[in-house]
Amino acid sequence: MARAAVVGAGMTKFGVHDTPLQELFGRAALDAFDDAGITPDDVDAFYFGNAMGGQTENDTHLGPKLASHVGMAGIPVQRYEDACATSSNAFKNAVEAVEAGVHDVALVGGVERCTPETGKDTPEMTRIFASASHRQYEQPTGLTFPGVFALFTQRHMHEHGTTEEQLAHVAVKNHGNGSLNPNAHFGKQTTVEEALDAPKIADPFRLMDCCPFSDGASAVVIVSDDYADSFDAPVDVSGIGHATDVVPIGDKDQPHVTQAARDAAAQAYEQADTTADAMDFAEVHDCFTGAEILASEALGLVAEGEGGPAAAEGRTARDGDIPINPSGGLKAKGHPIGATGTAQIVELTEHLRGDAGERQLDGVEQGVAHNLGGDAATTVVTVMEARQ
Amino acid sequence: MSDRLTHAEWSDAVEDGDLLGQECPDCGKVQGTPKAACPDCGSRGLETVELPSEGTVYTETTIHVPPAPIEERGYQVVVVQLGDARVMGRLTDGEVDIGDSVSVSGFVEDHEGYVAPTFAAE
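Same order as they appear, the protein sequences are chains A and B.
So in my numbering, spot 384 of the first sequence is number 455, and the numbers just go up one at a time.
So in my numbering, spot 96 of the second sequence is number 84, and the numbers just go up one at a time.
One or more of the hints may lead you astray.
Pairs of lysine to any residue residues, derived as SDA-like cross-links and limited to a Cα-Cα distance of at most 20 Å, are as follows [claimed, not checked]:
(1) A:Lys271 - B:Arg61
(2) A:Lys271 - B:Val53
(3) B:Lys17 - B:Asp4
(4) B:Lys17 - B:Gly5
(5) A:Lys271 - B:Glu60
(6) A:Lys271 - A:Thr234
(7) A:Lys271 - B:Thr50
(8) A:Lys271 - B:Ile86
(9) B:Lys23 - A:Asp324
(10) A:Lys271 - B:Gly82
(11) B:Lys17 - A:Thr315
(12) A:Lys259 - A:Leu278
(13) A:Lys271 - B:Tyr63
(14) B:Lys23 - A:Gln325
(15) B:Lys23 - B:Ala1
Residues from chain B that face chain A, not an exhaustive set, calculated with beta carbons under 7 Å [as the list claims (entries may be wrong)]:
(16) Ala25
(17) Thr50
(18) Ile51
(19) Ile58
(20) Tyr63
(21) Val65
(22) Gln69
(23) Val75
(24) His99
(25) Tyr102
These aren't lab readings, by the way, just hints derived from the structure by calculation.
Every residue gets a Cβ at the ideal spot worked out from N, C-alpha and C, and that includes glycine.
Put together the whole structure using the sequences plus the hints.
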């Protein structure tokens, strides 16, 4: 039985937007309403995600502002903040509320601006992103967010022999996928040679191993299982897992195994009465190339230690046995923090409806989304399937 | 009044060249940073322990694009295995790989006065 169903989806292009947050979010929300064929009057509640608007734009208490902008003032609105897992956490809570019968129809979405349009340059944005690492026990070392995933990836390379060239293959694949996605920040393909020649950011990561700072918004309309059949093309949410891991990194048992992702995936597969082997494709949180490799293993899509070879051999490519990030992922599609989680849900919805345009994968019936926050200490995993 | 290790006590020790951690008497977990309860079993009976000053590099990275207001580039951040605990710090000079031996060499202080231990290659 589905926990809820997505009946409307919308997102802006991810990239650079010289637009106030409410206007940016409004585009995604109105597209989601139109896709579902509803008006704001039909919506019972709004679950909203924004991670850093207070720091980046001096803009807080965004929920009512956004609700007012899209004609939904009056209904309950709640904002979620969970670093990069912000809007998937909003999504999880909305699904739980709909499943419990609290609401029939909810809007879920997120918005964020991270490019220099906010007035913040790269060193300042790097500092703001690093605020998701531990203030007392990590930030004083000068750690950055590329640094966090570099620490995980270096250990993974040590344990499993993962190579920089394998990391580059992830970047090449995702840029190739992004070139088919009109909403992607980067539409340009790249090569392994270009990736390996790029300037270093945090060993082993070079520029092409890192996702961009992006602006954007995404939104979905979800309804209860019973209500879903009155809509066109509902896509079922069959399982959602959510887990946390120990912070800081030094206190995690095995940082590179991303235990929260394993726990969240096990919950999601169990709820959906399915297995990793049954997934036709995945959208995973590839904030860095190494993160995609860790995620592919944590979700059980490839064997332990095989994430690097799987990327290099094309197993995770569009025509591979387990396509990962057909959207281009965070790496090419872009990463407007608070919009990323629901954008993955938008991508799953479009693919499962057979509505993903040039990037549509053949015959996909079941997919999984993996959205992590901070040093992977928050992870939300969602399994969705086409309604028969 | 709890006598569990606090951030202030941990920081004072770092400034003195000592690393303090916590050991859980119930499940045995040893961690390198203070908490109010054991993250594994929830026990509040955590005992403050002194960590060894020498250990091996568990993982590392070199930061080429620093966060504001740091201007230095190319510094190495390390997670060091010290006995049963791990601690994150900065390498003071040279370059180390996973598995290399390091020892506590002092501390760095950020723009707001928060400290982190530094390590040097053995």
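Against the structure, the hints come out as follows:
no. : hint                : result
1   : A:Lys271 - B:Arg61  : holds (11 Å)
2   : A:Lys271 - B:Val53  : holds (8 Å)
3   : B:Lys17 - B:Asp4    : violated (25 Å)
4   : B:Lys17 - B:Gly5    : violated (23 Å)
5   : A:Lys271 - B:Glu60  : holds (15 Å)
6   : A:Lys271 - A:Thr234 : holds (15 Å)
7   : A:Lys271 - B:Thr50  : holds (9 Å)
8   : A:Lys271 - B:Ile86  : holds (19 Å)
9   : B:Lys23 - A:Asp324  : holds (16 Å)
10  : A:Lys271 - B:Gly82  : holds (18 Å)
11  : B:Lys17 - A:Thr315  : holds (18 Å)
12  : A:Lys259 - A:Leu278 : holds (15 Å)
13  : A:Lys271 - B:Tyr63  : holds (12 Å)
14  : B:Lys23 - A:Gln325  : holds (19 Å)
15  : B:Lys23 - B:Ala1    : holds (16 Å)
16  : Ala25               : violated (12 Å)
17  : Thr50               : holds (5 Å)
18  : Ile51               : holds (5 Å)
19  : Ile58               : holds (5 Å)
20  : Tyr63               : holds (6 Å)
21  : Val65               : holds (5 Å)
22  : Gln69               : violated (9 Å)
23  : Val75               : holds (5 Å)
24  : His99               : violated (10 Å)
25  : Tyr102              : holds (4 Å)
In the structure shown, a violation is registered for the earlier hints numbered 3, 4, 16, 22, 24, in ascending order.
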